[in-house]
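A.B. asks: What follows is the residue order along each chain.
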Amino acid sequence: MCGIAGRILNSPGRVGNDLVELMDAQEHRGADSTGFAIYGPVRDEGYVLRGMGFDKAQLDANLDDFKNVLRDHGADHLSEPEILVDSNQHYCFRMEISEPKDLSAWVSDADELSDRIEIQSCGKSLEIIKDVGGSQVVADKHGVRDMEGTHGLGHARLATESSVLPNASHPFWARPFSDVAIVHNGQITDYFTWRDKLERRGYRFLTGNDSELIAVWVSDQIKSGLTLEQALKKSINSIDGVFTYMIANTGGIGFAKDRFAMKPIVSIERGGDICMATEEQAVRRIVTEEAEVINYDGPSLTGLWGVGNRRLAA
Amino acid sequence: MNEHVVDVGKRHIKEVNEEMQEAAAAGKSIRVVNTLSRHNLGVGLPDGTDISFEGSVGYYCGGLNVGAVIDIERNCGWALGEGMSKGHITVGGRAGMSCGAAMIGGTIHVKGDAGPRCGVAMKGGNIVVEGKIGYQSGFMAHSGKIIALGGAGESCADALWEGEVWVAGDVDSLGVDVNVSEPTAEEVAEVDAILDPLGLVDSSRNWRKMVSGQRLWYFESRDASAWLMI
Chain A
1 MCGIAGRILN SPGRVGNDLV ELMDAQEHRG ADSTGFAIYG PVRDEGYVLR
51 GMGFDKAQLD ANLDDFKNVL RDHGADHLSE PEILVDSNQH YCFRMEISEP
101 KDLSAWVSDA DELSDRIEIQ SCGKSLEIIK DVGGSQVVAD KHGVRDMEGT
151 HGLGHARLAT ESSVLPNASH PFWARPFSDV AIVHNGQITD YFTWRDKLER
201 RGYRFLTGND SELIAVWVSD QIKSGLTLEQ ALKKSINSID GVFTYMIANT
251 GGIGFAKDRF AMKPIVSIER GGDICMATEE QAVRRIVTEE AEVINYDGPS
301 LTGLWGVGNR RLAA
Chain B
1 MNEHVVDVGK RHIKEVNEEM QEAAAAGKSI RVVNTLSRHN LGVGLPDGTD
51 ISFEGSVGYY CGGLNVGAVI DIERNCGWAL GEGMSKGHIT VGGRAGMSCG
101 AAMIGGTIHV KGDAGPRCGV AMKGGNIVVE GKIGYQSGFM AHSGKIIALG
151 GAGESCADAL WEGEVWVAGD VDSLGVDVNV SEPTAEEVAE VDAILDPLGL
201 VDSSRNWRKM VSGQRLWYFE SRDASAWLMI
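Chains as they are written, first to last, in the numbering used here: chain A, 1 to 314; chain B, 1 to 230.
It is worth saying that the hints were derived from the structure and are not from the lab.
It is possible that part of the hints are untrue.
Selected chain B positions facing chain A (in silico; Cβ < 10 Å) [unchecked claim]:
id, residue
1, Lys10
2, Thr35
3, Leu36
4, Ser37
5, Glu54
6, Gly55
7, Gly58
8, Arg94
9, Gly96
10, Pro116
11, Gly134
12, Tyr135
13, Gly153
14, Glu154
Have a look at the derived ranges for each label pair, beta carbon to beta carbon [unchecked claim]:
id, chain 1, residue 1, chain 2, residue 2, range
15, B, Glu18, A, Glu99, 55 to 65 Å
16, A, Val164, B, Gly44, 27 to 37 Å
17, B, Val201, A, Ser224, 48 to 58 Å
18, B, Val176, A, Glu112, 46 to 56 Å
Every value quoted in this text rests on a predicted model; they were computed, and no experiment measured them.
Don't be surprised by glycine CBs; every beta carbon is placed ideally from N, CA and C.
Based on the provided sequences and hints, a complete structural model is requested.
C.D. replies: As structure tokens, this is what we get:
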């Protein structure tokens, strides 16, 4: 089932806190795992990484290997990684890095280590935080409520297509495209057909999750010359299944909804700030006074919201 | 009749619904405030209950209604009045997907638009929508009437059984296995009898009545290609 949400603030603020509320209100849609994609200040130089390692007993050795790959590509970490270790086998880290010569080539080489350590997101602004458990658990563990930015996505997962693992949680980063993240509610039925086509084009997938595929599919369409809006519209007739997904970059958030109109999405605007969610009762956590709620009920719909309250298209 | 006010806010919905049931059992009319589009409000209310919701409600409001008169000031989410057998529900705004799903009796009156699959699998009763009904409305309706005064979306009246879809206004497209007819004066009088208590009779309407073509009733797999929609 899954629940998804998006939030755009008119000016930078506590977008993390709002997303935690939106996901807490939708936790009944799936409490296997929860994740957030937060768009903070945009860096002029370098990237911010969020990553995950799978064996904390090998933490130091694995991080050293990871840093060495980074150095092989002409970059380095700008400060010591912030590492989060708890009772789980996996650990999480945040790292700021200088720019590799070729981002895609570096990601490809770094992914050779993905059985031990995995990049969750890489961007000038984007940080993806995801873990097993409900929204409050994940938010408290990772300090999501205190994260500030202009916009972001949230996801509550009911696992259907792949395992309940921290790295199979949403949002997914559209590797290796910086600053692109996706949350998705639905099932893609021609997953393996598209995965095969995209792998032949050189893309790598680290999970069996269909949402990871959509993120790359849309980004590949944009790389091929389409605008985000065109790619969203094209996805409706190109990808088979029942779905509503939201995809974000540094400029804003877009959504697409399939031909069967099975997966809901609503939006509400108040004071220049915008909330989107699977369920109306979630956006009411943020906007408690009566305000016009837009239900995107019909089939084959797309929408695009820009940061700074610019309604780009729908 | 004394009024009892129920404040929803972030309270547990089971507790809220229990308070409604107790107020209904005491013969009080009920006004529900601070609804915040919460789900499952007013499910299974008994016959004779008079209840109003200020603001908007979420999914399944008024489900399994057995005779309550329910008034919703603004919008409602999915499956309003699902499985209701008796009573009357009025929505001041719009209704979400699957309005009146599997209802077997009573009346739902939506003053705005209704979302996709309005009246899906309904087995009786009437749904009156002053606005437009959404994608695939009437899907597999076994009985009862869906009456849309403001048109219909795509795939209207898809795979009907013995339900009827009445539309005044434009229909974006028809579903599979639909017969469309211009109704007789007697049939229009039947619909007007449903609309009259709502103050919605208008003799200038051009109705289209949709019923099943009955070809899917005896579906054979060798005919599958004839029904492919996508």
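A.B. asks: For each hint, tell me whether it holds in the structure or not.
C.D. replies: Tested hints:
no., hint, verdict
1, Lys10, "holds (9 Å)"
2, Thr35, "holds (9 Å)"
3, Leu36, "holds (4 Å)"
4, Ser37, "holds (4 Å)"
5, Glu54, "holds (9 Å)"
6, Gly55, "holds (6 Å)"
7, Gly58, "holds (4 Å)"
8, Arg94, "holds (7 Å)"
9, Gly96, "holds (6 Å)"
10, Pro116, "holds (4 Å)"
11, Gly134, "holds (5 Å)"
12, Tyr135, "holds (5 Å)"
13, Gly153, "holds (6 Å)"
14, Glu154, "holds (7 Å)"
15, B:Glu18 x A:Glu99: 55 to 65 Å, "holds (60 Å)"
16, A:Val164 x B:Gly44: 27 to 37 Å, "holds (34 Å)"
17, B:Val201 x A:Ser224: 48 to 58 Å, "holds (56 Å)"
18, B:Val176 x A:Glu112: 46 to 56 Å, "holds (51 Å)"
This entry satisfies every hint, going by the numbered hints stated previously.
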